[in-house]
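A.B. asks: Construct the entire structure; sequences and hints are all you get.
First to last, the sequence lines map onto chains A and B. Just so we're aligned, residue 1 is where the first sequence starts under UniProt numbering, counting upward by one. Just so we're aligned, residue 1 is where the second sequence starts under UniProt numbering, counting upward by one.
Simulated from the structure, these hints should not be mistaken for laboratory data. Fair warning: this is a prediction, and the values are worked out from it, not measured in the lab. All C-beta atoms, glycine included, are put in the ideal place defined by N, C-alpha and C. It is possible that part of the hints are untrue.
Stated by the list, open to error - Some, not all, of what chain A presents toward chain B, calculated at C-beta under 8 Å: (1) A87; (2) Q88; (3) P91; (4) E92; (5) T118; (6) G200; (7) N213; (8) V263; (9) G264; (10) T272; (11) K278; (12) T392.
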Amino acid sequence: MYSVRRRGRVRATAALAALTALTAATLAGCGNNGVASTSSGGVVQLTMLTGFTGPDEASYQALVAEFNQTHPKIHVTMSVEPWATVAQKLPESWATGQGPDLATPSSDPGSIFNYISTNSVLPLDDATGTGTDQIDAAAFPSSVRNAFTVNGKLYAVPANNATLVLYYNKDMFTAAGITAAPTTEAEFIADAKKLTLSSGGKTTQYGLSLADNNTIQMWPVLQWMSGGDIVGANGCADVNDAASIAALTQWSQLVIQNHISPVGQAGADADTLFSSKKAAMEINGPWAAAGYKSAGINLGMVTIPVGSAGQVTLASTVPLMIERTTPHAAEAEQFLAWYTGKTAQAKFSEISGFPPARTDLGSSVSGNATVSLFASELPYARLYLAGQSKATSIDSDVYVPMIQQIERGANVQSATNSAAQQIDKLTGCTS
Amino acid sequence: MAVLHPPPARAGRPPRRRRWRFNSAYLFIAPSLVLIAVFIAEPIVQSGWMSLHDWTIGSSDNPFVGLGNYTALWHDSRFWNALRVTVVYTAAVTVGQVVLGLAIAARLRRTTWYSSLLRTAYFFPYIASLVVVGVIWKFLLDPQVGLINAWLSDLGVSSPPNWLQSTSLALPTVIAVGLWKNVGFTMIVLLAGMQQVPADLYEAATLDGAGPWRRFLHVTLPALRPSLLFTSLIATVTGLQLFDLVFAMTGGGPIFSTESVVMYLYQKGFVEFDMGYASAIAWVLFVIILAVSAVQLRVARYRDDD
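C.D. replies: Below, the structure is given as structure tokens:
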């Protein structure tokens, strides 16, 4: 007879089996996520997580492919996720030793402080030098090298290095009777006004397309042109000094009264405005050139006009770092040495249009007019909030809201004073 | 002197200890319990623990700060602004959803070919992802290249509003989109509720001389009480958790004018890596949602048979 007790045993066994299978599956899910490095058949497998989802991804992949081809004992696999996803996944995965061997944590160079403070990244000083398999940090632009050096140790190499130039629509310039691109701040302002057109009280064409959020920073360039700044080297706010206030007042009035730019644009909005031929000028990096050309714009590109403080532009760089606990640190360092070497950087510039992340390749890129233009700005390019451990908070909590307030008519003096207080509080400045 | 004696023990067999019997049902629910424990219970407990620490993602040193994060939250004007934004959004969307949903459901109660078409049209936005809805509306409302302002210009409006870049218009615009997205769900639930109301109740009311408005007020609405409670509760809880729509449409701007509590939590936890503070925000939000839900149930006099 098939007893009740036996039926109960069968049930219990089935449930136990299900529980065991589920527990096994759950624990398997908690284990290594498969991104850490391995070594098989004498070939060291390295994983690299990046946020290069744009059209420039192909350039990075090409570089990685060339490394794999020329280094048969090391194989790097580059995966790409949106920056927001990288920012969410990487801290925990690196902190628990489950992450990729190499990663670009953020497009914001200030993000490296978060990873250094959690002891997640490998200092690279032992791997630096001028040898073939060494990272030639001395060849990096000084602003980049300084930004990636914390407490005297180098923690990252530049995955890329870009500067901003002034893009302009030649057809709009011709239609406005302007024969040459602006070279000085005064010409820049005069052209922006002249290129702003309106009809029936509505602006039909903007002289300049400025963005204030989710963008490569444009407003700091306008401040620097006149000698202003945001935070000084001592960590104390400079955003409310006389030069900053004068610059912010001037440009906000141009936006509010002369309508040279729409208010409150995100970076993508500003790009759309320029590529849809509704704006005559935009400050942007090398990644934008191909898109604007394919949009049919008769495109001109020049260095940022010179203000009273001399030539200046914004430098943008993405840090590339090694996980501290990777078992293949030597191979990862070898990859970084090759990646930032002369051959790789010259090739990267050629295929991407970015200037090289080295300052000693001037002659190698001189044949490419676009790369040469961006590269020519490297000596005076400045990083946004360089060296500030609270750069992320200063940007999102203070600077961007301050610019948004000023663009909407807030008193510049009081807005900058308030911002300065918040910055000093974040940085711990007491002077 | 009287002496009190304890009552005599009851005669009979001593109480038998109940024998524990293995119940295989526990094993069948065990997989679900394991999942709940690992993915829900443990993270909840962990977040409570983190909220009592100065906890940075990945840091080996997360000092105990007691209620420090909660105290800081109390004095954080940005949190209060985010709470205000969240409450305004939730109140507007909940009331709007219930009132509009009820009106549309009443209007489309009869099944005809066009009412079926309209029901589908109203419900359609609900099945779309919030992020997709947010991105599409952001394009539509773009002041330079958007369709809405182009139409307004064609209609003779000389300076169409800058919907998402105006600090006074951004939140109402997000509310309107949230309402548009969710009203179809309320309509469908209330429509289903209306179709469950027995026809003889309406006949009796008609015989008593009740007109359409009185029938709606005294027959339909009381019968819809469980559905109204359900929809308002769902709208409130989802409203208080506002994130996707704001993230896609405004990113919380301009100048924090649309920053919700969850958006602020995200900023603190996943942008600035301050997980202790973010956990404290999450716990405060949890308590708020719990309290609001309890009040709603109390006010609506929820019974088990609802």
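A.B. asks: Against each hint, give a clear statement of whether it holds in the structure.
C.D. replies: So, going through the hints one by one against the coordinates:
Given hint, A/A87 at the interface with chain B, holds; its Cβ is 6 Å from that chain's nearest Cβ, closer than 8 Å. The criterion of a C-beta within 8 Å of any C-beta in chain B is met by A/Q88, whose closest approach is roughly 5 Å, and the hint holds. Taken as an interface hint, A/P91 checks out: its beta carbon lies about 4 Å from the nearest beta carbon of chain B, inside 8 Å. A least Cβ separation of about 6 Å between A/E92 and chain B falls short of the 8 Å threshold, and the interface hint therefore holds.
Hint status for A/T118: holds, given a least beta-carbon distance of 4 Å to chain B, under 8 Å. Interface restraint check: A/G200 against chain B, minimum CB-CB distance 6 Å, threshold 8 Å, status holds. Look at A/N213: its Cβ gets to within about 6 Å of chain B, closer than 8 Å, so that hint holds up. Hint status for A/V263: holds, given a least beta-carbon distance of 6 Å to chain B, under 8 Å.
Interface hint at A/G264: satisfied, since its Cβ lies 3 Å from the closest Cβ of chain B, which is below the 8 Å cut-off. The interface hint given for A/T272 holds, since its Cβ lies 6 Å from the closest Cβ of chain B, which is under the 8 Å cut-off. For A/K278, the shortest C-beta to C-beta distance to chain B is roughly 6 Å, which falls under 8 Å, so the interface hint holds. At a threshold of 8 Å, the smallest CB-CB gap from A/T392 to chain B is about 6 Å, leaving the interface hint in force.
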